[in-house]
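Construct the complete structure from the given sequences, taking the supplied hints into account.
Chain by chain, the residues:
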Amino acid sequence: MPDNYFVRYLPLLIHFLLAAALAGAVVTLSWVIGYRRPTRAKVSPYECGITPVGDARGRFSVKFYLVAMLFILFDVEAVFLYPWAVILRQLKMYGFWEMLVYIGIVLVGFFYIWKEGVLDWGQPSARRGEV
Amino acid sequence: MNVGTFILVSAIKTVIALLVLLTAVAYTVWLERKVVGHIQNRWGPTRVGPFGLLQPLADGVKFMFKEDLVPPHVYKPLYIAAPIIAVVCALTSISVIPIGNWVTVGGLRTPLQITDLNIGLLIILGITSMGVYGVALAGWSSNSKYSLLGGLRASAQMVSYEISLGLSLIGVLILAGSFSLREIVDAQAGSFWGFIPKWNIFYGGQIVAFFIYLTSAYAETNRIPFDLPEAETELVAGYHTEYSAMKFAMFFMAEYANMITVSCVATLLFLGGWHGPLFGAAVLQEILPVFWFLLKVFVFLFIYIWVRGTLPRFRYDQLMAFGWKFLLPLAIANLVLTGLIVALRS
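These protein sequence lines are chains A and B, in that order. Residue numbering for the first sequence follows the working numbering, beginning at 1 and increasing consecutively. Residue numbering for the second sequence follows the working numbering, beginning at 1001 and increasing consecutively.
Hints in this document: simulated from the structure, not taken from any laboratory. Where a beta carbon is used, it is the ideal one built from N, C-alpha and C, also for glycine. Nothing false has been slipped in among the hints.
Straight line, CA to CA, 20 Å or less: simulated PhoX-like cross-link-like pairs of lysine-lysine:
(1) 1325(B) with 63(A)
(2) 1076(B) with 1145(B)
(3) 42(A) with 1145(B)
(4) 1325(B) with 115(A)
(5) 63(A) with 115(A)
(6) 1076(B) with 42(A)
(7) 63(A) with 1145(B)
(8) 42(A) with 1066(B)
Quick look at which bits of chain A chain B covers, simulated, 3 or more residues with Cβ under 8 Å:
(9) 10–23
(10) 29–36
(11) 96–105
(12) 108–121
This is the structure:
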């Protein structure tokens, strides 16, 4: 094991490049040796044999955007907790109380989105009827 | 060991790891078809080779020669890049996983791991969460309604359960005090009262964390009961509806490689990694840790398949409610309790 920390990451890069080369080679090979005889029906979007109406660039539920935003908030929370978790043994009770305050603030926001109905996918929001 | 030797050894280990992983992926597919077949009172693959053992090979050759359609309505650069992203992320995440202790081969002492990084767990989390790009881009670039719905569902589901997954690991991190997978495993050596192994799953309520991890991992890998992104009965095949030939197969390779990675991480974090009873001659003592590790991973994979053969699929609102309203608060409660116990003891 070399002491230089940068060198330790080189195998990861080698692995990544090898995996990428492998994936690229497989796709290219399959494209080269597979036969292609496209017909109009074959290359149309698959909709179970029904003639497609329009394309798929329409609008979709805003809830997916909300989930994406909530993911960023809560994943950042998890990322903040990681370093804390590793050194909790040194921080002892002081570190525990500090983090409890932080988790408490996050939980307030969590229960707010819960009460607002962001997490309910079953029925449209009773309050405004939009999401 | 100087830098040149280190890189050479790592490159050799990488090639071996990729070959083993791809073989393992192929035979996990075989195992799944066989086990699910027996669960459903069928035989599974039997025709190609003894017990259908050559079936994965035949499938691979078949995928190679299939018609590789790129329909004109797709957004071509992303359509081609999506399966490559999915499979590269799935194959790369295995690189920091240790499968055993250090070994000495031809005078070179090296760990059974491609590279021993002190932030191994973070790297696995980072690379596997890149995998969601493959799925989301495949769904969007296909420009087909089924693909778009499948891609949206998959990305929403994967990001939702990633939070619970990430939070469930914090209990283990508190107990081990390190991000290095090797140190996390070393922290689980020994036993309580001489017969219960000191694995994290038996320690300080981490069985709850294990349950959260297991459930989130099933959702992350889009497996039954969380396989809504490719719910065949409503979405045909979800995000890979418009894919054919090897590009289609690559999503499967990515899914099974992710299953193997998830099983390895579960084994390392909760089931004590390569710790197990050691006995016999010196050679056996060298091999047994790797054997215990592989056995635990196999059991985990078998449970994956067993669950697939047993459980029905969730409804989408149930899936989201389960992830956000049950698993997330449970994960936070678990980490607060574990933190309290560890802080009081230290």
